[in-house]
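K.L.:
Chain by chain, the residues:
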Amino acid sequence: MIRHETSLFSRLALRVTLILSFGAALMISAAWYYGRSAANQTFDHLLLGAALQMAGSLSIEDGKLTASLPQSAFEMLGLAPEDRIFYRLIDTEGQTLTGYGDLAGYIDYTAARQKPVFLNDEYRGTPVRLVVVSRVLSDPPLSGWAYVLVAQTTAARSELTQEITGRAMLLVALMSALALAATILAVRYSLQPITALGEMISRRDPQDLTPLTLNAPKELRPFLGSINHFMERLDQRVVLLQRFIADAAHQIRTPLTALSAQIDMLDEREVSPAGLQSVERIRTRTNELSRLTGQLLSHAMVIHRASTVNLEKVDLVLIARQAYRTAIPITVNPDIVVSFEADQPQLWVAGDVVSLREAIVNLISNALCHGSVALLAVRVGVAEGRAQVEITDDGPGIPPEKWPLVVKRFMTTKASEGSTGLGFSIAVEVATAHGGEIGFREKLPDRCFSVLLTIPLWQEERD
Amino acid sequence: MRLPVLWAAFGLMMAAPLSASAAEGVTSSFPAPGKESGRLKIIGAMDTTAILPLINGFQAENPGVSVEYSDYVTNDLYEEADAACRRGESIADVLVSSSVDHLVRLANDGCARPHRSALTDPVPDWMQWRNEVYGFTHEPAVLIYHSDFVDPEDVPRSHADLADLLRRKPTVFFRRIGTYDLRASGIGYLLAYLDSQLAPTIYGRLVESMSRVEAGLYCCNSEVLREVEAGRLFIGYNILGSYAYAAQRRNPKLRISVMRDYTHILSRGAMLPKYAGSGDLGGRFLDYLLSPQGKATAEKEGISFPWEDPQVSGITLPPSPLGSGVGRPIRIGPSLLVTQDKLGRDRFIADWTAIMVDSRSLQAGPVWSNYE
Chain A
1 MIRHETSLFS
11 RLALRVTLIL
21 SFGAALMISA
31 AWYYGRSAAN
41 QTFDHLLLGA
51 ALQMAGSLSI
61 EDGKLTASLP
71 QSAFEMLGLA
81 PEDRIFYRLI
91 DTEGQTLTGY
101 GDLAGYIDYT
111 AARQKPVFLN
121 DEYRGTPVRL
131 VVVSRVLSDP
141 PLSGWAYVLV
151 AQTTAARSEL
161 TQEITGRAML
171 LVALMSALAL
181 AATILAVRYS
191 LQPITALGEM
201 ISRRDPQDLT
211 PLTLNAPKEL
221 RPFLGSINHF
231 MERLDQRVVL
241 LQRFIADAAH
251 QIRTPLTALS
261 AQIDMLDERE
271 VSPAGLQSVE
281 RIRTRTNELS
291 RLTGQLLSHA
301 MVIHRASTVN
311 LEKVDLVLIA
321 RQAYRTAIPI
331 TVNPDIVVSF
341 EADQPQLWVA
351 GDVVSLREAI
361 VNLISNALCH
371 GSVALLAVRV
381 GVAEGRAQVE
391 ITDDGPGIPP
401 EKWPLVVKRF
411 MTTKASEGST
421 GLGFSIAVEV
431 ATAHGGEIGF
441 REKLPDRCFS
451 VLLTIPLWQE
461 ERD
Chain B
1 MRLPVLWAAF
11 GLMMAAPLSA
21 SAAEGVTSSF
31 PAPGKESGRL
41 KIIGAMDTTA
51 ILPLINGFQA
61 ENPGVSVEYS
71 DYVTNDLYEE
81 ADAACRRGES
91 IADVLVSSSV
101 DHLVRLANDG
111 CARPHRSALT
121 DPVPDWMQWR
131 NEVYGFTHEP
141 AVLIYHSDFV
151 DPEDVPRSHA
161 DLADLLRRKP
171 TVFFRRIGTY
181 DLRASGIGYL
191 LAYLDSQLAP
201 TIYGRLVESM
211 SRVEAGLYCC
221 NSEVLREVEA
231 GRLFIGYNIL
241 GSYAYAAQRR
251 NPKLRISVMR
261 DYTHILSRGA
271 MLPKYAGSGD
281 LGGRFLDYLL
291 SPQGKATAEK
301 EGISFPWEDP
311 QVSGITLPPS
321 PLGSGVGRPI
331 RIGPSLLVTQ
341 DKLGRDRFIA
351 DWTAIMVDSR
361 SLQAGPVWSN
371 YE
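Read top to bottom, the protein sequences are chains A and B. Counting from 1, position 326 in the first sequence corresponds to residue 326 in this note's numbering; the numbering is continuous, with no gaps. Counting from 1, position 279 in the second sequence corresponds to residue 279 in this note's numbering; the numbering is continuous, with no gaps.
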């Protein structure tokens with residue numbers, strides 16, 4: 001499923017931007033339309049006013065139609081200062097009385113008898129807006145309809161339209177920008193739980209397969225439920241696997257014991273010297289196998305206890321001492337100086353006796369097997385408000401760059417020496433289950449290498 | 001006796017106006033001071049002597065341009081320009097006229113070419129229209145009188161004063177006042193029309209009074225001024241301030257009275273015709289007219305009225321000339337189109353003629369005019 005997929009955020013942002021752009025275009029078109037009709041209305045009123053004034057100036061003198069155009073009509077039209085003005089007065093005979101005789105000669109003026117007629121026209125190569133108004137004259141010598149045509153070029157209208165549209169565009173652009181910003185913020189905010197969930201999962205201890213508890217929004221709950229369901233199944237599988245390993249180890253132990261007994265019962269005198277060597281090798285390997293099986297069992301036991309047994313108030317000094325006795329065999333190499341030291345007679349911690357002992361035993365065994373040349377010291381004390389068991393040996397130690405590796409399961413720094421590497425792993429499991437950790441102290445020319453097991457002290461106010 | 005001659009002269013004037021006056025309709029050439037690189041053709045309703053300083057100033061800045069100037073009466077200038085525009089022909093590179101309503105009408109009919117430059121931008125709105133018609137001076141329409149014949153206490157300070165004076169002393173001023181003949185002079189018509197709009201009652205009284213004293217009617221400023229200078233006329237009415245000022249400088253006996261009730265302030269207009277020949281020469285001349293140098297020259301040479309001189313200028317321009325002061329600027333814009341309505345114009349002139357000319361001919365005395 002390696003497919004390039006854009007982020008939720010960019011998908012949302014893209015769609016919102018598209019919708020906003022579409023809306024903005026729509027609104028700008030509407031603004032242009034309204035701006036144009038507003039400009040048309042405004043200037044149409046002026047045009048009509050001027051035309052009516054001109055029509056009002058028509059009079060009959062000596063039986064002849066005449067007009068004295070009012071200056072105010074032109075001043076009114078002059079409110080569109082850049083626009084040219086054309087007019088034409090038509091008498092009752094349909095003849096041009098005054099003005100531009102060729103203005104809109106083709107139109108039917110009679111339509112203006114009902115009400116003023118506006119139309120867009122072109123005059124002398126320039127687009128104009130034209131109005132026709134009528135005036136009925138009913139003097140005995142002269143009766144009929146007279147018409148006034150007034151046309152004006154459209155510069156002021158266009159300018160007003162542009163101004164209105166321009167301002168509307170500015171507003172729309174501003175609003176769109178605001179809406180976009182708000183959307184981005186909203187999207188970021190609503191995507192936060194996803195990020196939080198991701199962080200929670202990645203922060204999680206790999207061993208922890210308990211359900212996620214997160215105050216997730218409704219939309220995320222199916223997702224969270226799937227994760228939890230998946231983890232539950234994984235947890236069941238892991239438990240099953242652990243049980244299988246424990247069972248397998250247990251099953252292997254019986255034939256292994258029998259095998260060891262058989263090897264011990266071999267009559268060495270009946271075996272050739274070469275065979276003896278082989279027998280010795282078989283014995284060594286069998287011992288390793290026994291230890292590995294034991295460790296596997298104890299590992300399974302520790303994990304089982306970590307998830308089932310409640311921590312109680314226990315004495316770490318006592319546990320460490322028991323572990324020390326268990327781990328140091330009676331047949332320990334007499335060249336090695338072993339010592340146990342406790343800073344105080346009792347050190348109360350919250351722990352599980354069996355697990356803790358197993359962990360310390362494993363750490364001491366590791367030191368004996370892989371480290372100690374002439375020194376092994378176990379010390380129990382308090383450091384930085386936490387209980388600490390320190391196992392020191394004068395061996396080569398573990399270089400710092402390998403520290404993260406050795407705490408992993410089945411990992412060892414000495415792959416060829418038949419060690420199983422489970423020891424550290426068990427100790428780490430136990431430390432983690434107790435809310436503590438396994439640490440190391442680097443080997444320096446004047447200091448020996450130490451392994452540190454640190455766990456919290458018993459707190460009285462704990463429930 | 002003189003009547004037929006007069007009417008013949010009238011007819012002649014209508015048919016061939018260029019012959020009406022020796023000073024008008026004349027074309028003068030001003031060769032380029034330097035090597036000629038262009039020819040600028042100007043048609044104007046300004047005396048050649050009046051515009052000469054501006055042409056010289058322009059040529060000083062553009063030594064490669066030779067200028068040809070034709071002096072027309074305002075009405076003829078409009079007719080010619082309108083006819084040329086309809087034919088789509090080039091008549092000149094620049095038109096200059098004090099009758100700005102003609103220029104506005106030409107611009108309205110699409111016969112003008114817009115011109116914009118750094119010099120046209122500061123021109124106030126009321127002194128330009130559509131970037132096509134520009135006013136480049138502002139000068140009042142004043143009254144000029146000969147101080148030998150008009151007593152100081154009789155000097156009219158308002159239009160009503162003038163009407164009263166003519167009524168009070170009809171014998172003194174009989175045939176001693178001169179003004180425009182509206183039939184020939186576009187600027188005369190414009191000023192009279194605006195008088196009638198601004199103060200209809202006083203206008204009526206004034207026309208009637210002038211008719212009664214048989215006012216002399218002339219085509220142009222210069223004619224009236226010549227007569228006043230010669231002492232044949234005592235008062236010249238609605239004379240453009242710059243001409244009056246120039247005349248006063250020539251002859252200190254002539255005095256200027258700026259009316260205190262209202263005074264029209266007129267801008268001489270300049271315009272580039274739509275069909276013009278020599279590239280941007282017209283625009284360059286227009287720019288020169290609007291430039292500080294051009295304005296200074298116009299003031300210095302009496303083309304523009306010297307507002308700063310309190311001796312002649314009884315009024316001062318208000319800070320905003322459009323404010324309701326004594327000075328009434330004539331706004332260059334579409335409202336001037338009304339003066340160009342043929343019907344209205346014909347009626348106005350007919351009414352005026354009926355009072356100023358016809359009523360006289362019905363009476364005993366002869367019509368007294370300059371077209372003799």
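Don't read these hints as lab results, they were simulated from the structure. Watch out, some of these pointers could steer you wrong.
[To be verified] Pairs of lysine-lysine residues, derived as DSBU-like cross-links and limited to a Cα-Cα distance of at most 30 angstroms, are as follows:
#: 1; chain 1: B; residue 1: Lys-169; chain 2: B; residue 2: Lys-253
#: 2; chain 1: B; residue 1: Lys-35; chain 2: B; residue 2: Lys-274
#: 3; chain 1: A; residue 1: Lys-115; chain 2: B; residue 2: Lys-253
#: 4; chain 1: B; residue 1: Lys-169; chain 2: B; residue 2: Lys-274
#: 5; chain 1: B; residue 1: Lys-253; chain 2: B; residue 2: Lys-295
#: 6; chain 1: B; residue 1: Lys-342; chain 2: A; residue 2: Lys-64
K.L.:
Holds or violated: Lys-253 (chain B) with Lys-295 (chain B), Cα cutoff 30 angstroms?
P.N.:
Measuring from Cα to Cα gives roughly 28 angstroms; hence the hint holds.
K.L.:
Is Lys-169 (chain B) within 30 angstroms of Lys-253 (chain B), Cα to Cα?
P.N.:
Judged against 30 angstroms, a Cα distance of about 21 angstroms means the pair holds.
K.L.:
Holds or violated: Lys-35 (chain B) with Lys-274 (chain B), Cα cutoff 30 angstroms?
P.N.:
28 angstroms, holds
K.L.:
Does Lys-64 (chain A) sit within 30 angstroms of Lys-342 (chain B), going by the straight-line distance between their CA atoms?
P.N.:
Within the cut-off at roughly 16 angstroms; holds.
K.L.:
Hey, Lys-169 (chain B) versus Lys-274 (chain B), does the alpha-carbon distance stay inside 30 angstroms?
P.N.:
51 angstroms, violated
K.L.:
What's the verdict on Lys-115 (chain A) and Lys-253 (chain B), does the C-alpha distance respect the 30 angstroms limit or exceed it?
P.N.:
Violated, at roughly 63 angstroms.
Consistency with the previously given hints fails for numbers 3, 4, ordered from lowest to highest.
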